[in-house]
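These are the residues of each chain, in order.
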Amino acid sequence: RKEVEQDPGPFNVPEGATVAFNCTYSNSASQSFFWYRQDCRKEPKLLMSVYSSGNEDGRFTAQLNRASQYISLLIRDSKLSDSATYLCVVNMVSSSGYALNFGKGTSLLVTP
Amino acid sequence: NAGVTQTPKFQVLKTGQSMTLQCAQDMNHNSMYWYRQDPGMGLRLIYYSASEGTTDKGEVPNGYNVSRLNKREFSLRLESAAPSQTSVYFCASRPRWAQGASYEQYFGPGTRLTVT
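Taken in order, these protein sequences are the chains called P and Z.
Residues in the first sequence are numbered from 276 upward in steps of one, following our numbering.
Residues in the second sequence are numbered from 66 upward in steps of one, following our numbering.
It is worth saying that the hints were derived from the structure and are not from the lab.
Check the hints yourself; a few may be wrong.
What the hints assert, rightly or not - Simulated coverage check for chain P against chain Z, where a stretch passes if three residues somewhere in it have a Cβ under 8 Å from a Cβ of chain Z: (1) 318-332; (2) 339-349.
Unchecked claim - The calculated label-pair distances, taken between Cβ atoms and stated as ranges, are: (3) Z:M84 <-> P:S328: 40 to 50 Å; (4) P:E280 <-> Z:M92: 29 to 39 Å; (5) P:S327 <-> Z:M106: 22 to 32 Å; (6) P:S328 <-> Z:S145: 44 to 54 Å; (7) Z:M84 <-> P:R316: 13 to 23 Å; (8) P:N330 <-> Z:E144: 40 to 50 Å; (9) P:R334 <-> Z:S132: 34 to 44 Å; (10) Z:S149 <-> P:R316: 18 to 28 Å; (11) Z:N95 <-> P:S301: 20 to 30 Å.
This one's a predicted model, so the numbers in the text were calculated from it and none came from an experiment.
Think of the CB as a built atom: it goes at the ideal place given N, C-alpha and C, for glycine as much as any other residue.
The shape of chain P in the complex, shown without the other chains:
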């Protein structure tokens, strides 16, 4: 079982819509959580970190449920420029160090 699982989509939504992405992770030792954005043929870039109390950055809201090992990203008032792949990322600490585990990504297409 993959450590980080996401619905691959694609999610096709009209401009102005609200869309939510979900992600589950398997390792309860995971310590920090992120959403990355990846545009076509580009490198992933940090969208936002995810904090236990939930956090918001403009139109983007991230939530974390440690008990259910579940992370979400909500995008309100979608823009055409939000079209991208969104990667759920989980940081895990182990005896050999630490590693970021990436989900396979959820594809979003915002249409006019």
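Starting from the known structure of chain P, arrange chain Z on it as the hints suggest.
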């Protein structure tokens, strides 16, 4: 700051040829990583270096070697390229992990490698 740089941007190899992908970062980060990304597979970790002088295998290390040349540079070598190694390769770096911290990972622009 240039951030994370990778060379080359594109490369075509014949089966059996060797090459080294170069990566450098100017952010004084301790940890560096090599990933490959294939359609439908997401990002998979090949090797990483938690700090200068150390390297460790990731999820898919077979067919690759790495060298952490100094704190700035981390190279990935394909000794005998195979078509299965056709992929996009990303290098990344990150500050040293610390308890309670939430440090992001910074990626280079990628190298698109085709092995024929």
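**Prompt:** Hint numbers the structure violates, sorted upward?
**Reply:** Violated: hint 2 alone.
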